[in-house]
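There are 2 protein chains.
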Amino acid sequence: MFALSNEWTVQDTLFDAARLHHAETVFTLGNGYFGTRGAFEEYYPGEMRSTFLHGVFDDVPVSFTELANAPDWMDLEILLAKERFGLDSGVVLEYSRSLDLKTATLRRVVRWQSPLGRVTRLEFERFASLADEHLAGVRLTVTPENYDGEVEIQAGVNADADNLGLKHWQALSQSTIRQGAWLHCQTRATQVGLAGGFHLKVKAPGRTRYARWNVRGHPTLAGITPVNRGQPITAVKWFAYFTSRDQKDPLKALRRKLTYLPRLDWESAHSAHCLAWQAEWDRSDVVIEGDPEAQLALRFNLFQLLSAAPRHNERVNIGAKTLSGYGYRGHSFWDTEIFMLPFFTYTRPEIARNLLSYRYHNLAGARFKALGNKYCGAQYPWESAATGEEVTPTWVPHYADRSKLIRIWTGDIEIHISADVSYAIWQYWQATGDDAFLIGRGAEVILETARFWACRAEWVAELDRYEISDVIGPDENHEHVNNNVYTNGMARWNLQTAFAIIAWLEQEHPQHWLRLRRSLHLKPAELKAWQHVSDHLYLAYDPQTRLVEQFEGYFQRKDIDLPALEPRQESVQSLLGIEGANQVQVIKQPDVLMWMYLQPNLYDKETLRTNYDYYTARTDHVYGSSLGPSIQAIMAAWVGKPADAYEHFMRAARADLFDVRGNAGDGIHGASAGGLWQAIVFGFGGLKHSETGWQTSPCLPAHWKRLAFKIMDQGNLRSFEITQ
Amino acid sequence: MFALSNEWTVQDTLFDAARLHHAETVFTLGNGYFGTRGAFEEYYPGEMRSTFLHGVFDDVPVSFTELANAPDWMDLEILLAKERFGLDSGVVLEYSRSLDLKTATLRRVVRWQSPLGRVTRLEFERFASLADEHLAGVRLTVTPENYDGEVEIQAGVNADADNLGLKHWQALSQSTIRQGAWLHCQTRATQVGLAGGFHLKVKAPGRTRYARWNVRGHPTLAGITPVNRGQPITAVKWFAYFTSRDQKDPLKALRRKLTYLPRLDWESAHSAHCLAWQAEWDRSDVVIEGDPEAQLALRFNLFQLLSAAPRHNERVNIGAKTLSGYGYRGHSFWDTEIFMLPFFTYTRPEIARNLLSYRYHNLAGARFKALGNKYCGAQYPWESAATGEEVTPTWVPHYADRSKLIRIWTGDIEIHISADVSYAIWQYWQATGDDAFLIGRGAEVILETARFWACRAEWVAELDRYEISDVIGPDENHEHVNNNVYTNGMARWNLQTAFAIIAWLEQEHPQHWLRLRRSLHLKPAELKAWQHVSDHLYLAYDPQTRLVEQFEGYFQRKDIDLPALEPRQESVQSLLGIEGANQVQVIKQPDVLMWMYLQPNLYDKETLRTNYDYYTARTDHVYGSSLGPSIQAIMAAWVGKPADAYEHFMRAARADLFDVRGNAGDGIHGASAGGLWQAIVFGFGGLKHSETGWQTSPCLPAHWKRLAFKIMDQGNLRSFEITQ
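If you read the sequences in order, they're chains W and Y.
Here the first sequence is numbered in the numbering used here, starting from 506 and rising by one per residue.
Here the second sequence is numbered in the numbering used here, starting from 506 and rising by one per residue.
Everything labelled a hint here was simulated from the structure, so no lab data went into it.
One thing to keep in mind: the hints can contain errors.
Identical chains share a label here; the pair holds if one copy fits it or two copies do between them.
Said to hold, decoys possible - Derived DSS-like pairs (lysine-lysine); straight-line CA-CA distance at most 27 angstroms: (1) Lys757 x Lys1193; (2) Lys587 x Lys1028; (3) Lys909 x Lys879; (4) Lys587 x Lys757; (5) Lys706 x Lys587; (6) Lys879 x Lys1146.
Looking at chain W on its own, in the form it has when it is part of the complex:
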């Protein structure tokens, strides 16, 4: 698929229309303000061109809300001696695309023979500036090889951007300007304003004429210049975005910017961008010696996380598919807190703080959800978007029979996310010592989710315990289960952590505790009730077998012979159906093991190993959840199986580059990317914090010569080097 030209470059040397969407995902660029799939500058039939801006959601049927595909910045039409350039016509003589991860720059070189036989070399470079998040640039160099003539470059900004057929934008105003054009539009339902505009400069030996085409919804500037064979000409299109989420008057901000764009030169603006990326890599890079594929794949995954991370906005989160595709419509899940956040918490805590602040700012949505279910406290939505209300689709059309619907239960009963959010806050606080954040924001989330759990747990008098029935755990093959260990365990952890935080606040910041206690109307009686739940919440464990039963009755489900199903190209759930999968033991992703990963001090080595062996044999590693392999890799390392760990690790590492699951076209698997970093640091590196400080207990794959990574610890950058 994609070649390794070096350990920093993802390269593609063959244009293959059959994997157009996969390549678009892989060549996504972003700067944390917007993300743009790697579609071509010029149009290609069937493309899924998209640019998503964080937080710019609009209404959609069934899934309630989705990131609105914005008018795109790369829009260029190129006419070579009046023949329209496009890979779907003529002959592609040479083709290569390379994404330089170090500088976040995408380059395409094409030699193309037109239907009439003209041969042209075209080079495209583009970047989404990390130095100036409103800015994007594309540079085009055209060299006619066997003809003289005229090159026409049409640059536009097009309001006709859609989400797979759904239009979100209505144009408000537009204009062409001296060497550019702008457009002001807003989303139909949510009325988020977006202003986008560009400046185009053609550098050529001959005189360039510019024609201004102020066509409704798609103002366009055409630069027309004479060319001679062998002589290159260059065009630079600078584009800027502003939205009403970050500007009072986005059009005003844009017009100010547009007066500045003509003075921008490619080299300086690109250098500033490269420097900003260098600063990111200085913090976040991981070096693997002895395994170029793992090295490149890991960097690619970290690159995608860094590209999607909001740097100046604490009211947005990263969606399950980052900003790189239509999958899950930009909604955020626990994928952020449990899978992606540790990477940011330990390398870029400023970003982690933004992402966690999003949850704090959306406490109202979580309280609203709890209220709707007649619980108290805060119940975080399974899928979250602009407002923090629950946006999981309730019903989706049946894939085979269009008159039927499938009920999606995750929004109702996959409730562990409320504890996951608190877990990430706690982890962030532990790593950073950011007391201000905990006091001002984090504590309230942890207390309110604890309150939810105390309310949610059901007292079973005859067993003298609390239970939590009718849930879905991380393993979504099993719906409507009782006493899922992950859920019960995390709920108990959330309650215990609330007490720890209260104790700390009482001790260290009594006035803040007083304020919080009052504002949340926390009375001693209620805290006592929480304590009762925390002390009596049921958590399965069989001391005889050391097995932790994933949920009540799991052991009674049918234990099918997984290897006997091979070879297969689909998940066990799709093989057996939703109901069928519910009846057997096969799990979609680690659930008990996930719980043990998050609570490493709770179980002894022997228990870990026993449960590892038991559940690993029953997990759908290849076609189950993409969240599974990285965690599985960590647990394999923890039980001392480096070869197994490596296999799981590479499965996650290849998910998008090699499209292992066949759905890479929908966007980057963000959780898998985040899990990879955890697998490196906590799995292979075996990094652990104890009273004596940080320690590693490595378990490297045999062929890895050296592993090096850094973490931020209480504001200090610490480097770790591991060799065999």
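With the hints as your guide, set chain Y onto chain W.
Just chain Y now, with coordinates in the frame of chain W:
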């Protein structure tokens, strides 16, 4: 609302943005190939601009399929000395729109003062040619009143047409040409090809420059010409459509046409169009003397039916909202056969034949539906579109709670439509004597629907009769009812008519009967079974009270005091809720009376009167179904209540012109329009056919001086004149 300037013209003299969508519906133009809402040439914010072409459906979530809003032909942007003309800016000094029903020509005159104070008179004329169904034209006359300057007219064809936010078109190719442009696109899922293109000619004293802007998806031609105060300039835009439903290569057909458009002159092309409309009115006009409002409203309704009627296509039907709005997404219902068809059958049988042929060609869809329900024969879909498969949405989102859904049952159990289709075929045959149609197409439909009914009816041994349980009748306030009289009655009629047709075929065309019998595998035993059903199908009637119970148990539903609910602005169903309305006797539209209307010889006068009094008091006339009033008017005339008949008649006549139901913006109420003609002819005119020929037994409103109409009878045009 709309003024009566004369009995042929609907006029609007005040621009009111609040009823923009209503006016768009009222000013719809069409020629049976396409229909275009009366949006303005230039863009207006919040408009619902649409052009629908018959049969050009594409996939849509929830409702399965919808007519795709096509790239529109009127698209003009007008720059007056560089100021963009638009009613949302500057000052509208004068405004009038008039729709001339006689010539199907829409004219708008605006005097407009620009934000900078320039005053301009603009006159727009447009028509959708009835002489050449691929052709549409718009003429613009611009007169600057207080300035000299430059007028720029931008004419385009825009692929960015959407259905309320849903995009159906993907552009395939496009070009600007000498004085025009074209675009070839196709629907995303159904891949219907559409080619649209135009020619623009500006006539002005000065020299006109034309600029060609070949912007992707919206090729545009700009004509720029100098103007002097007081001197008018004129621009004509001719537009042509072709689709892959009527052309093997629509682009080729368009390009041929585009070479011809420059030679077209406005007067000649418009004259041909007017002549074609004159021929329609010669057949179809109805004259009411003494009531200008009723006269104009009736013509308006007939105009809308004629505008939507396919003249050269027997594979399409008219949707419930004609081609004039998004309501019901272009789907066809029994509205066509029972409400609209009599008008065509008796005045334009060629059109009726096309519409009935649509049902014949879609027998496969009806057989597929029967098969899916394990019935034999043909079960017509409640909602029908391109293929004749059932396209009623099964679930729609709840209006108040977005996580809930409402189950729509009509597609499952409102089954009377299969008999309605047969009824229309029989009526057409009776009126036209078109034996060839009956033999070649109609008979098969009637036999296959009879077969369905024989299969559908349930034998109840203990009562020695057949019943039909779990249906919805025409009155949709009551769902899941048993032995609805309309349904049972029409089913029996369908079976009886099948026998009549078989007898006629055996007698007159034995070889055709043999062919049909063989192709349908009809055995004597099966026909005997049909006879048994027909003879024993239960039909309620109480000889004591003369009352016909609408369905079993209707008399036991709660009889609420309807007048006590006044004043109200909503239907009884929306007041009481779906379940609440189900529990009371209030009906949404005549059901028993509808049945008696369609079977005028079955019940005596006294029975008619008794049931009229009983059900009229229990009908939600104002806010129930828009299908009700016209039928109610007929029945009132039949029981000798001309004043009541007139009240119901005018309620139907005003439905769209006065937006009585508040939903005229969704499109024309086609069934109401068709029902009006029936109310005139069969209600007020009392036209009846007996063995001695056609007879009228009029019942005119007191103020009507004269009523005149014509019908086609066995190929002969017969005129009727009624005076007081």
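Hints, verified against the model:
Taking CA atoms no more than 27 angstroms apart as the test, Lys757 paired with Lys1193 passes in neither setting, with 51 angstroms inside one copy and 72 angstroms between copies. Within a single copy, Lys587 and Lys1028 get their C-alpha atoms no closer than 77 angstroms, and across copies no closer than 69 angstroms, so neither meets the 27 angstroms cut-off. Taking the shortest alpha-carbon separations for Lys909 and Lys879, only the inter-copy value of 18 angstroms comes in at or below 27 angstroms, while the best intra-copy value is 30 angstroms. Within a single copy, Lys587 and Lys757 get their C-alpha atoms only as close as 37 angstroms, which misses the 27 angstroms cut-off; across copies the closest is 22 angstroms, which meets it.
When the C-alpha separation of Lys706 and Lys587 is checked against a cutoff of 27 angstroms, the pair qualifies both within a copy, at 20 angstroms, and between copies, at 25 angstroms. Neither within a single protomer nor between protomers do Lys879 and Lys1146 lie at most 27 angstroms apart by alpha-carbon distance, with minima of 46 angstroms and 58 angstroms respectively.
The structure fails hints 1, 2, 6 (numbered hints given earlier, in ascending order).
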